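Peer 1: What follows is the residue order along each chain.
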Amino acid sequence: MEEEIKETGSQDGQESPSYEDSFTKVEALVKELESGELSLKQSIQKYEDAVKSMNRCYELLDEAQKKIEILIKDAQAGITGRQNIEIE
Amino acid sequence: MSEKNLSLFGGKRQVLTVSEITQQIKKLLASSFRELWISGEVSNLTYHRSGHVYFTLKDEGSSIRCVLWRSAARKLRFKIEEGSEIVVLGDISVYESRGEYQLKVVHAEPKGIGALALAFEQLKKKLAAEGLFDQDIKKPLPYLPRKIGIITSPTGAAVRDIVRTILGRFPNAHIILNPVKVQGESAAEEIAEAIATFNRMKEVDVIISGRGGGSLEDLWPFNEEIVARAIFDSIIPVISAVGHEVDVTISDYVADARAATPTAAGQLVVPNEEDLRLALEQLRQRMVSALRNAVLRLREKLDRLSNAYALRRPMEIVEQRMQRLDETWRRTVREIDVMLSSKRNSLNSAKSHLESLNPRNVLARGYSITSMKGDSQPLKSSAGINPGQFIETILSEGTIVSRVKEQ
Chain E
-6 MEEEIKETGS QDGQESPSYE DSFTKVEALV KELESGELSL KQSIQKYEDA
44 VKSMNRCYEL LDEAQKKIEI LIKDAQAGIT GRQNIEIE
Chain V
135 MSEKNLSLFG GKRQVLTVSE ITQQIKKLLA SSFRELWISG EVSNLTYHRS
185 GHVYFTLKDE GSSIRCVLWR SAARKLRFKI EEGSEIVVLG DISVYESRGE
235 YQLKVVHAEP KGIGALALAF EQLKKKLAAE GLFDQDIKKP LPYLPRKIGI
285 ITSPTGAAVR DIVRTILGRF PNAHIILNPV KVQGESAAEE IAEAIATFNR
335 MKEVDVIISG RGGGSLEDLW PFNEEIVARA IFDSIIPVIS AVGHEVDVTI
385 SDYVADARAA TPTAAGQLVV PNEEDLRLAL EQLRQRMVSA LRNAVLRLRE
435 KLDRLSNAYA LRRPMEIVEQ RMQRLDETWR RTVREIDVML SSKRNSLNSA
485 KSHLESLNPR NVLARGYSIT SMKGDSQPLK SSAGINPGQF IETILSEGTI
535 VSRVKEQ
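As you go down the protein sequences, you meet chains E and V in turn.
Take the first sequence: its position 82, counted from the start at 1, is 75 in our numbering, and no numbers get skipped.
In short: position in the second sequence from 1, add 134, done, that's our numbering.
Think of the hints as simulated: they come from the structure by calculation, not from any bench.
Accuracy of the hints is not assured; some may be wrong.
Here are the in silico distance ranges between beta carbons for each label pair [stated by the list, open to error]:
id, chain 1, residue 1, chain 2, residue 2, range
1, E, E79, V, R280, 12 to 22 Å
2, V, R280, E, K34, 48 to 58 Å
3, V, W171, E, T73, 19 to 29 Å
4, V, L432, E, A57, 34 to 44 Å
5, V, R280, E, Q35, 48 to 58 Å
Listed below are several chain E residues computed to face chain V (Cβ distance under 8 Å; list not exhaustive) [what the hints assert, rightly or not]:
id, residue
6, P10
7, L26
8, A43
Here the structure is a predicted model, which means the values were calculated and not measured.
The C-beta atom is built at its ideal place from N, Cα and C for all residues, glycine as well.
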């Protein structure tokens, strides 16, 4: 492959792509791959991009950690802290 | 059958039984007091096991016993509470065995609902005119929020329902609860402040604001202007989840999404993780197949191309040309042969024809040529030949001179 494979995410600026954006991107790439009108080089490139975006989706799902917090409020000072709680 | 008695003193007394007088009172009251609206304070409230509700309506000077049958009680949209001010619709009847009159209530409303309902309509109109309810300014909810903010009472069923529903769909959710009063004085202010707080913190991707079911008064904070404006000003999308299906509040109109119940809010705010993973897996399989097929197709294309190319190889062209040349040569040779043999045949037949005409062959067969002696002209006829003349006969071998004797 003569071409450099561009990194996704870094071009979006500060925020990494959301789940929805990544998933939509994979869908679009797969449609292109299925169209059968790509060259070999294009096909491989699109496949790799799709893999990147799909990994991003899995990342977002796997990284999530259960946490339930309650804000602690003071009449004058407003929010003074937080606490983890369990909710039955 | 009763006798009319117009005077208590002297004359005949008309003595009634207790039941008789009770019946008269009952008829009188029933016909005089029908379909009355009466307001008062609830006391001695009893929710009977049978489903019927017994209570006393009172004011400063008087009280009246009330009964609300189960069928009517079920239709009430609010719960009658001890000490609350209500307005009821009913008929006066007599409870015969106790000799008490009572109010048979067919419908009840909390007092002052007129005022609240009016306030609701007025605010709704005002905010709608300002465009707070417009569809196109509503923000879309994040598909998979990273953090979920909930504004509700920390106790009660609502928060439990919301959290349980969220965790049931997405077990690793991150939820931040901002606890508030959800009814009574200053509740509206607290709710509005909570929305603003989440916006300042910039942590959560979506906010659920709501509470469980209750009377119009209970839900009233979610109809207040301060809450509506806080929802409108919120940059973070807000889901309004107040009360039950039938309770529509101003918050519901302004919010970016409305959930009819707390459970519905939990379903709205977060997708089902299993569904997401399933969709990802299906997409992954499509992806792999697509690439495989794309490569196969390109391979086929390549094969076809290389086959076409092989036919155009230079040597093949030369070989083909040479082959054609050979063919042409062979054809030509054959034609010449044919031509030659036909010519030969005609020559041969001419030759044999000629041969057959050769006079020597004739002579060899025993024929002779006779002519007048000294004349080479062969004789064909005996006419003109006289006896005594000399003739010459050429044989195959030799010549004979003869004298004609006779003819």
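Peer 1: Please verify that hint: E/P10, Cβ, nearest Cβ of chain V, below 8 Å or not.
Peer 2: violated (11 Å)
Peer 1: Just to be sure I understand the hint, the distance between the Cβ atoms of V/L432 and E/A57 should be within 34 to 44 Å; is that true here?
Peer 2: holds (40 Å)
Peer 1: Identify whether the interface hint at E/L26 stands, where standing means a beta carbon of chain V within less than 8 Å of its own.
Peer 2: E/L26 check passes; min Cβ-Cβ to chain V is 4 Å, inside 8 Å.
Peer 1: Using the beta carbons of V/R280 and E/Q35, state whether their distance is inside 48 to 58 Å or not.
Peer 2: Violated, at about 34 Å.
Peer 1: Can the hint on E/A43 be confirmed by a CB-to-CB distance to chain V that is less than 8 Å?
Peer 2: The hint holds - E/A43 has a Cβ within 8 Å of chain V, the shortest such distance being about 5 Å.
Peer 1: V/W171 and E/T73, beta-carbon distance inside 19 to 29 Å?
Peer 2: violated (51 Å)
Peer 1: Does 12 to 22 Å hold as the CB distance between E/E79 and V/R280, or does it fail?
Peer 2: Distance hint for E/E79, V/R280 holds at roughly 21 Å.
Peer 1: Is it true that V/R280 and E/K34 lie within 48 to 58 Å of each other by Cβ?
Peer 2: violated (36 Å)
Of the numbered hints stated above, those contradicted by the structure are hints 2, 3, 5, 6, listed in ascending order.
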